[in-house]
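Colleague: Mind docking chain B on chain A? Use the hints.
For the protein sequence lines, the chains are A and B, in the order given. The opening position of the first sequence corresponds to residue 24 in our numbering, with each subsequent residue numbered one higher. The opening position of the second sequence corresponds to residue 109 in our numbering, with each subsequent residue numbered one higher.
Hints may contain errors.
[Claimed, not checked] Computed from the model, here is a short list of chain A residues facing chain B with C-beta under 8 Å:
| no. | residue |
| --- | --- |
| 1 | R171 |
| 2 | I173 |
| 3 | F175 |
| 4 | R177 |
| 5 | T202 |
| 6 | T219 |
[Stated by the list, open to error] Taking lysine to aspartate or glutamate pairs in the EDC-like style, the calculated list, with each CA pair at most 16 Å apart, reads:
| no. | chain 1 | residue 1 | chain 2 | residue 2 |
| --- | --- | --- | --- | --- |
| 7 | A | K34 | B | D265 |
| 8 | B | K194 | B | D184 |
| 9 | A | K34 | B | E207 |
| 10 | B | K173 | B | E135 |
| 11 | A | K34 | B | E264 |
[Unchecked claim] What the simulated footprint calls covered on chain B by chain A, stretch by stretch (three residues with Cβ under 8 Å from a Cβ of chain A suffice, anywhere in the stretch; the number is not a length):
| no. | segment |
| --- | --- |
| 12 | 210-218 |
| 13 | 268-275 |
| 14 | 305-313 |
Worth flagging that the hints you see were computed from the coordinates, not collected in a lab. As the structure is a prediction and not an experimental result, all values here were calculated from the model. Backbone N, C-alpha and C fix where the C-beta goes; we use that ideal spot for every residue, glycine too.
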Amino acid sequence: MFEDFIYVLGKYDTWLWRGFLLTIELLVISVTLGTLLAIPLAVARVSKKVWIQALPFAFIYVFRGTPLIGQLFMMYYGVGQLIANIDGIQDHWTWTYLRDPYWYCLLTFVLNTAAYVAEIMRGGIQNVPNGELEAARACGMSPWITYRRIIFPRMWQMIWPAYTNDVIFTLKATSLASTVTMMELTGAARKIVARTALPYEAFISAGVIYLIIVYSLTFGFKGIERYLRRSEQRNEPKTGRAKAATSA
Amino acid sequence: MKNWIKVASAAAIGIALSASAASAAWEKVVIATEGAYPPFNMMDDNGNLIGFDVDFANKLCETAKIECEIVAQDWDGMIPGLLAKKYDAIIAQMSITEERKRSIDFSDYYSNTPAVFVGKDGMSITAYKDGEVIEDALDGMVIGVQRSTTHANFLEDNFPGIEIRMYGTQDEALLDLTAGRVDATLADSGTLDAWVSSEEGNGYGFVSNQFAPSEWFGEGAGIGIRKEDQDLKEIFNKALAEMLENGSYEELNKKYFPAIDLHPN
Chain A
24 MFEDFIYVLG
34 KYDTWLWRGF
44 LLTIELLVIS
54 VTLGTLLAIP
64 LAVARVSKKV
74 WIQALPFAFI
84 YVFRGTPLIG
94 QLFMMYYGVG
104 QLIANIDGIQ
114 DHWTWTYLRD
124 PYWYCLLTFV
134 LNTAAYVAEI
144 MRGGIQNVPN
154 GELEAARACG
164 MSPWITYRRI
174 IFPRMWQMIW
184 PAYTNDVIFT
194 LKATSLASTV
204 TMMELTGAAR
214 KIVARTALPY
224 EAFISAGVIY
234 LIIVYSLTFG
244 FKGIERYLRR
254 SEQRNEPKTG
264 RAKAATSA
Chain B
109 MKNWIKVASA
119 AAIGIALSAS
129 AASAAWEKVV
139 IATEGAYPPF
149 NMMDDNGNLI
159 GFDVDFANKL
169 CETAKIECEI
179 VAQDWDGMIP
189 GLLAKKYDAI
199 IAQMSITEER
209 KRSIDFSDYY
219 SNTPAVFVGK
229 DGMSITAYKD
239 GEVIEDALDG
249 MVIGVQRSTT
259 HANFLEDNFP
269 GIEIRMYGTQ
279 DEALLDLTAG
289 RVDATLADSG
299 TLDAWVSSEE
309 GNGYGFVSNQ
319 FAPSEWFGEG
329 AGIGIRKEDQ
339 DLKEIFNKAL
349 AEMLENGSYE
359 ELNKKYFPAI
369 DLHPN
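Bound conformation, chain A alone:
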């Protein structure tokens, strides 16, 4: 048992390492771009005007309502084939990028993450207390400034735990990239199984790496959560003192 572990880790450590790097790369880019894209989507989604709301609604509905692996295949084999069939495209300089599975994969993950995060953000935006919005308006803040100073900070505070969850979900979703030939961590583990026929050793090794990533993510995100909620913590002792003062 342990000999097999040593055999796997000793012989195929570079595969796991490269898989790890690709997994992290896919995760960071998908989450960053997905979140940036989610902000306008969420703002449009809470609009009272139907024509502004409709498109983001449809987008979110489709991407949340279909399995990610289906989206990946549609993008890679569906859209990819359509592009490949355009006359002359295969001689064009863009073909180097258009034939590469990396971009199709990344685009799918970005759109998928955007759909989920937008929906989380929508909930956050709608839950900003009405009183705060009225106060902002009373101070004469424009809608843009209200979003920047009141709504977004409030929203991040509220959605952070759900957002953390979604980042972890995205990490696991990247494992599907190996189905369209991208050798991330799960793909690397599969390759090792193919070589050695030692499924437990390979998948447990990959699993431990995933656990470490998730643990680090949770740790980091917890820190940011404390930062986001700093105002609440500052208030707590104050109310304590106030209570003590009134009871005295």
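Modeller: This is chain B only, laid out in the frame that chain A set:
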């Protein structure tokens, strides 16, 4: 107290039954194949498994006078599934290699087809010649291959200058070949022969010589079995020898591959 006796006796019966099942020398054998490697193994329109491997498995069981059931299993999970006893044997063009022998055992080889590159007509690849790998023959190319195969290993071990795309099935690799996203694909000549002569393979052909260095491709495809099932190995080897002798193997060979000798000696 009564409950306890019930449980204990049920357990005893269970143990007795499983013990007797194990000793009932292979009345029924479950055989796994992939179902996505035409014409060796594939699904017909109704989802039934067909192909050379399936016919071969049925004939083999008939010859050995055992009852067989053939099930489909994804290629990636083939060996893990065997070890987990989801089935008792693999007949799916699995090459007999040293690395696979670390975890499972094989019968004598039952077919041996060399590897070949397929690409657009007019292309020419010489990657293996006179027992030597030509490492830079493919430099700068994108090559599609089915992952977890001896072909994938051969590419990975020998050609540092290429980009390898690994697919779950050979069909997907061929799909990307026609889309122009890979320049060529490497697989077994048996399966590729069927494809290039089909309608989808129009405009594509064998673009290299055929080769099968045993260091990567092993000694041909064997029936995969668990190491502890030596009795089953004996049964299969005997039946295989009988099929080779009485001409029923040749009949199957001719049916699927009129131009290839699947069992060269």
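Colleague: Does each hint fit the structure? Answer for all of them.
Modeller: Checked hints:
Interface hint at R171/A: violated, since its Cβ lies 44 Å from the closest Cβ of chain B, which is beyond the 8 Å cut-off. Taken as an interface hint, I173/A does not check out: its beta carbon lies about 49 Å from the nearest beta carbon of chain B, beyond 8 Å. The restraint placing F175/A at the interface with chain B is violated, with a minimum CB-CB distance near 41 Å, outside the 8 Å limit. Evaluation of the R177/A hint against chain B yields a violated restraint, the C-beta minimum of about 45 Å exceeding 8 Å.
Taking 8 Å as the C-beta contact cut-off toward chain B, the hint placing T202/A at the interface holds, the least distance being around 6 Å. Annotation: T219/A was flagged as interfacial toward chain B, and the flag holds, the nearest CB pair being 6 Å apart, inside 8 Å. Only pairs whose Cα atoms come within 16 Å are accepted, and K34/A paired with D265/B is accepted, the gap being roughly 13 Å. A C-alpha spacing of about 14 Å is found between K194/B and D184/B, which places the hinted pair at or below 16 Å, so the restraint holds.
Distance restraint check for K34/A and E207/B: the Cα-Cα separation of roughly 13 Å lies within the 16 Å cut-off, and the hinted pair is therefore satisfied. Pair hint K173/B plus E135/B holds up; C-alpha atoms about 9 Å apart against a cutoff of 16 Å. Distance check on the hinted pair: K34/A and E264/B sit about 14 Å apart at the alpha-carbon level, within 16 Å; holds. For the segment 210-218 of chain B, the stated coverage by chain A holds: 3 residues have a C-beta nearer than 8 Å to a C-beta of that chain, and at least 3 were required.
Residue count for the segment 268-275 of chain B with a Cβ under 8 Å from a Cβ of chain A: 3. That meets the three needed, and the coverage hint holds. Judged by the Cβ-Cβ criterion of 8 Å, the segment 305-313 of chain B is not covered by chain A as claimed, because only 0 of its residues qualify and three are needed.
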